[in-house]
Amino acid sequence: MSAAEVWTLSAAEVWALAPYLALAGGIALLLLAVAALRSHRLAFWGAIATLAIPLAFVPTALGGGTQIVDDVLEIDGYALFFFVLFSLAAIATAVLSARYLGSRATHRQEFYLLLTTATLGAAVTAGASHFATFLMGLEVLSISLYAMIAYPEEGHPPLEAAAKYLILSGAASSTMLFGMALIYATSGSLNFEAAGDIAAGERNVLVLGQAMLLVGVFFKLSLVPFHMWTPDVYQGAPAPVTGFVATVSKGAVFAVLLRYAIDADLLSSPAVGIVIAVIAVLSMVVGNILALLQTNLKRLLAYSSIAHLGYLMIALVVAGTAAGRALGVESGLFYVAGYFLMTLAAFGVVTVLSNETDDADQISGYDGLLWRRPAIAAVLAAAALALAGIPLTVGFFAKFYLVAAGVGNAAWGLVWALIVGSAIGIYYYLRIVFAMTKRPEDDRPLEARRAPWEGLATVVLLGVLIVLLGIYPSPVIELIRELGGP
Amino acid sequence: MILFVVILALLAAGVVAWASERLSKDAPRLVSIVAFGAGLIWSAALWLDGADAGGLYAAMDWPWIARFGIHLALEMDGLSLLMVALTMFLGIVAVVSSWDEIESGHGFFQFNILWVMAGVVGVFTAMDLLLFFFFWEVMLIPMYLLIAIWGHEEKAYASMKFFLFTQISGLLMLFAILALVYVHHGATGEITFSYKALLGTEIDPRIATWLMLGFFVAFATKLPSVPVHTWLPDAHTQAPTAGSVILAGILLKTGAYGIIRFAVPLFPEASADFALWAMLLGTVSILYGGAMAFSQSDFKRLVAYSSIAHMGFILLGVYAFNELGMQGAIVTMVAHGFSTAALFMMAGAIQQRLHTREMSEMGGLWTHAPRMGTMTLFFVIASVGMPGLGNFVGEFLALLGAFQENWLMAVVATAGIVVAAVYGLYLMQRSFQGTPNPDIASMRDFGLREMSVMAAMMAGLVWVGIYPQHVLELSNATIQTLGVLP
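Chains A and B, in that order, give the protein sequences. Every number in the working numbering is 629 more than the matching position in the first sequence, counting from 1. Numbering-wise, the working numbering puts 28 at position 47 of the second sequence, and it's gapless, one number per residue.
Just chain A, with the same shape it has in the complex (with noise of 0.2 Å):
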């Protein structure tokens, strides 16, 4: 649009907008009154609130299809379902965080403001059309996570990780920076589309600004050879905060990258697709052999999820290409809405079983709980199936229908990375299940305190939809194929 005209807001566009306005309004009521009223109770169902809300506005701005508002953001089903899940991932992770914060923050309630921000940062970046709410996006996801990781007062690793997160993701952010600038100068707009009508003829620049931009993201999913932050601050972070970092903010950079992937014609350029396809398999075999050696189950997630984002990869070439477009972003999204769930799952039932002061994060101190805490083992073991891509759960009709869309489109050198991939990945994740049946050879106690009854009702409905959707998956596939893709 010309800078003379006037900038106005259409009904629809307000109603598409709804959600995200009703998060941000929530947002700013929240810290009005944790400023005035310094009460736990109320910050957490202060964001609890913030954050159920703007669901009631989804089925609306759904109604009135794709609204792209003021060329910035893309409101759209392909944004609205992103929005949702990171909504309830952020549910989630507020419902896990009360009890776990308690004896680790004098104050919690600014992690709920920040929990809050951080979803709205990874909404906006889901619904990014255009560089400035890309990068303003993921900007408010990142700095809210610095602070979240950051966030017990005692203890040296969560000030050790967030420090790590800060630096090198601060170094990812500029690196992307200078790609759009690259992006920019060549096409003249900032808009995603605008890359895509580049000729052939007039692109290196262009590609070099998309390899800078790539690394960034690719930073950001964590995958080899960008990935040596990941295990530590898995590590440090605290558990419910690993889970949020580890589903919405690499949902919402795998969101935006598809979207971008589509709308600018990433693929057209062969270099590109074949850099994407080595640094996933690099990804799947990097990950899962490092992931063997791990001792501690955070490091161990922490290697399984760079695995996982190598084979969420597959999704991304396949949608690149014009034949598998539909199919690829189906089961991106199908892969991403499982790997939320079993995800969230794991280190749900890693702070469930944490106590006041040390995360439950070694495996060996897993050893029979099948026999001590029937239904959170039961959970984990559901989760730790998923991850290996075993039937009856989600993992493995995500898994499947990755290999569906990279067999429908002849990609077989990354279907079968994924399957050597998940080959390997059965043994370490089969080693979760094993330690948890092991008989207790002494009363030993594993966990001194009972879980809270809040963390447990979550990690078992989390645990029940993981098995639910392994049986029938159909309602999830249906519903993302009506969403359509971005």
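These are calculated hints, taken from the structure and not from any lab test. One thing to keep in mind: the hints can contain errors.
Said to hold, decoys possible - Computed footprint of chain B on chain A; a stretch qualifies when at least three of its residues, placed anywhere within it, have a C-beta under 8 Å from a C-beta of chain B: (1) 890 to 903; (2) 1030 to 1043; (3) 1050 to 1060.
Stated by the list, open to error - Here are the computed distance ranges between Cβ atoms for each label pair: (4) A:L1108 - B:A(-7): 26 to 32 Å; (5) B:T462 - A:P1104: 35 to 41 Å; (6) A:M857 - B:V15: 40 to 46 Å; (7) B:S341 - A:N984: 47 to 53 Å.
Note that the structure is a prediction, hence the values are computed from the model and not measured. By construction, the Cβ of each residue, glycine as well, lies at the ideal position given by its N, Cα and C atoms.
Given the structure of chain A, go ahead and fit chain B onto it with the hints provided.
Same frame as chain A, but now just chain B:
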């Protein structure tokens, strides 16, 4: 629909059995026995009722995952009925054989047995390739848990090895299934996993060979055949008695069933070209299994290796590509189910009484336990291939079929029967005859419970041995409809 109800009933019985643990330690076992007993009566009723015009005893077809044309399609023809009836029967045997062996976790133990069997019934009736794969994996986890939790000294190693072998070969099959569907989609434009729709798919011969191998490797691993047999001696030896009974009696048969139902009919030409190699593998398995069995000092391990030899006859018979051979393979599946289950039950009973599986520490057991001695002698003789008992009919027919196809292979394989006599009598002699070991003061003989199960298995073997017509009629109906024979 009845088939689905039966599978659900077994799954539900598993949950009930687990929950009933609170009542008494006998309650879970009774739930299992009632469930398998009802299943056995149901399959007998189906058999007496007779098949419909299409040779089916029961069938159903519901949509499951519409996106990929995956159906909940179950069908029971003669072969399926035979296998399901055997499954139900051996379910009871498994429960009885572990009556005194399991010391803790009674409910969860029965839960796992019932869930394995539910998966097995699904495998024997599935008419949709993905559904088949789904059930193929459903049997895996509970079986893994049976070995990992209630197994003997080396259970961690054995259960992991079992899982990895089965799962990795299963992934190859999944890949082959997807590739087959992809080829079918390319030819017809329709995405379907339906067995019947995929049967006539035209495939490029070179691709067909690879896909056939994908299926074959999965089934040969389960069967098992040399060279992918190495999981079996460990898994069998370390499993609790019920686990060994299920593994040997039923799970190995799923491999044979898969070859007969899927690997050969889906790729008739590729299988015909491969037949010589498969027969060679069968012959090598017979001789190698026999030789290895002879050199064991562990009662259970000896029986485990003998299974490899017996399964070789199945490969030999099926890939002879004639009616005799196929019939022989199917009869062997049934007869081996009885005879090996009985021998494993015996091994478990001895281990429980003497706390050893080493034959060097046995000797002269007949004086203490004449009933056990008689039973062992009977089943050793049966598995050696004494005319008049089931195994003889099966192996004789398989050899006859193989002789028509390749006389040299048949002659060499016949030597396997001689080897069987050697290791069978060696087993008998080392354990039950000779000078009694002075350390064994006394040993409890079989009681009514064990003897009634043994008598039922004896009756089964005699029935198949003297009047094999019933089994042959059931299997013949299937062989004709499979249409793989020239």
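Evaluated hints:
1. Proximity of the stretch 890 to 903 of chain A to chain B, defined as three or more residues with a beta carbon under 8 Å from a beta carbon of that chain, is not established by the 0 residues found.
2. Proximity of the stretch 1030 to 1043 of chain A to chain B, defined as three or more residues with a beta carbon under 8 Å from a beta carbon of that chain, is established by the 4 residues found.
3. For the stretch 1050 to 1060 of chain A, the assignment as covered by chain B holds, since 5 residues bring a beta-carbon within under 8 Å of that chain's beta-carbons and 3 suffice.
4. In this structure the hint that L1108 (chain A) and A(-7) (chain B) lie 26 to 32 Å apart at CB holds, the actual value being about 29 Å.
5. One distance hint, 35 to 41 Å for the beta-carbon pair T462 (chain B) and P1104 (chain A), holds here, with the actual separation near 36 Å.
6. Range check, M857 (chain A) to V15 (chain B): Cβ separation about 58 Å, and the 40 to 46 Å hint is violated.
7. Taking 47 to 53 Å as the suggested C-beta distance range, the pair S341 (chain B) and N984 (chain A) conforms, at roughly 51 Å.
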